[in-house]
Amino acid sequence: MDATFDRPRQRPLHPVNAFLVSATVTLFLGALLSDLAYAMSYQVQWTNFASWSIAAGLLSGGVVLVFALVGLRHADRHGGRYLSYCLILLATWVLGFINAMMHAKDAWAVMPEGLILSAIVLLLACLAAWMGLSNFRIGYVP
Amino acid sequence: MKRPVSWAVAGFAVLLAACGNDASLSQQDPANVGPKPVLPEQQRGLIPNMTIASPAQWGDQRPAVPRGYVIAAIATDLRIPRQSLVLPNGDILVAEGKGGGAPKLTPKDLIAGFILAKGNSSVKGGDRLTLLRDGNGDGIYENRSVFAENLNAPYGLALIGNQLYVANQDALVRFDYIEGQTRATGAPVKVTDLPSQINHHWTKSLTASADGRFLYVGIGSNSNITERGMIAEVDRAMVWQVDAQTGAHKPYATGLRNPTALAIQPGTDVLWAVVNERDELGPDVPPDYLTSVREGGFYGWPFSYWGQNVDPRVRPQDPQKVASAIAPDYSLGAHVAPLGVAFSVSAMGGEFADGVFVGERGSWNRDKPVGYKVVFVPFRDGRPAGPPVDFVSGFRGTDGKTRGRPVGVSVDPRGALIVADDLSNTLWRVTPAR
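Keeping their order, the protein sequence lines are chains W and V. Under this note's numbering, think of the first position of the first sequence as 7, with each following residue one higher. Under this note's numbering, think of the first position of the second sequence as 1084, with each following residue one higher.
Among the hints, erroneous ones may be present.
[As the list claims (entries may be wrong)] Footprint (simulated), chain W over chain V, 3 or more residues, beta carbon under 8 Å:
| # | region |
| --- | --- |
| 1 | 1124–1133 |
| 2 | 1300–1308 |
| 3 | 1341–1352 |
| 4 | 1465–1475 |
Worth flagging that the hints you see were computed from the coordinates, not collected in a lab. By construction, the Cβ of each residue, glycine as well, lies at the ideal position given by its N, Cα and C atoms.
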């Protein structure tokens, strides 16, 4: 049998899912930029912005994660890289949650851990989005 | 049973985790109390320690007082009583109200506000002064009238001659007062505006100088530790000296995070204050304190606490201010939340004749609750001498339920301690048993 017929059936990410993946990246990017602005200016409004951006990123990222986990039903069709996608999403959300609690500390107590976490979470979110949006073309199939 | 409520902030998530049973009550390490407290290292996990009061009714129970003293509720169903004033004829004025309403700026503000409210009375603040009278001296205050209403979260009270001064959350006002009066004759006259933007800590404490020329107004900070920005702290965390006649004012002492009650030491001109220190630095640090207040003195907030202990959460830092910070006189212990202070009189009797009473509303930012009682700090030669002694306790029962939270205290010179309780909305009176 020709091996090409065994390739998992691939579909693009559902538009809603794609929208949320992109939003998550944008929100976590906003958090990192706000953290940088706070670190450079000591103006607390920036850390407030970061807190809300992270909260919203967790909301959108949480929905993406749920979609991805639902898709695990078809993991056999998707192949091993789908599992990686799910794990990276999960890591993004868990570290994002820890980052949210870090940002609930008052004033400069957020620093420097909050800034570092924001950078890591953004990197993970970008990686997940890349996997979800480009090469694998997998995810929740409605 | 104790119900520690952990809190976490993320997105719109709330973590409410009920942990194990712990019947042990609120014991403080004596090393953390007194004139030279041990200050443990700062610590703060990912989630701050939290144990929120779980309110219950008093029923037949009463707060506990030392042998030889009796306690009675002289007014119930008040509307958030915070401070009281014993008038020359023995009548008692009670300030009832609840101010604040600072905007919620972060997800944390939303969640913390929701959780902390569980430990408070749900009654709406009265925005009024209630007058209580015991006509025949039997200890029952049978007459009760509303002295003034439609105030704005009144808190501090002081009488100078025929003028009754009331510190609303936004202004210092005055009423004419003639002995025996049960109702104000007119609307109050404004003496001066008080800082009221945001009003994170809204209570404005008040006392009058011994000669009646000045009033002292305690103004709390606008944040826990500058998380609302440095600009919000202009004119905050300080005690003002206000000219009683003109309303002219100046900062008298600064760096006092939340000076919730003030008193003049009898026979002197010395101002004393109890101050609530910052949260989220650990269960035993920094101490809430009782201190004499030096004119022009700086007491550390926000840059440092208890002298030169730097708070790393404040940016930009100010090493010069830190170097100038005065260490307070007497640690009451971290998180006990003192909201009342009053000097005793000899008529209180025995070991409670010389010293101050301090009402401690009780902690939230601590696994094992502390405070929730009125303590007596004995004095000798005009200075605190010795560890605090429980004077009114049992607000937090052995069952872990909280039946009351003691706040403002005042002393009736004829020998009674008046304690406002802003959870059960009661005014308690403790007297030597006769």
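Verification of the supplied hints:
1. 1124–1133: holds (count 3)
2. 1300–1308: holds (count 3)
3. 1341–1352: violated (count 0)
4. 1465–1475: violated (count 0)
In this structure, the hints that do not hold are numbers 3 and 4, in rising order.
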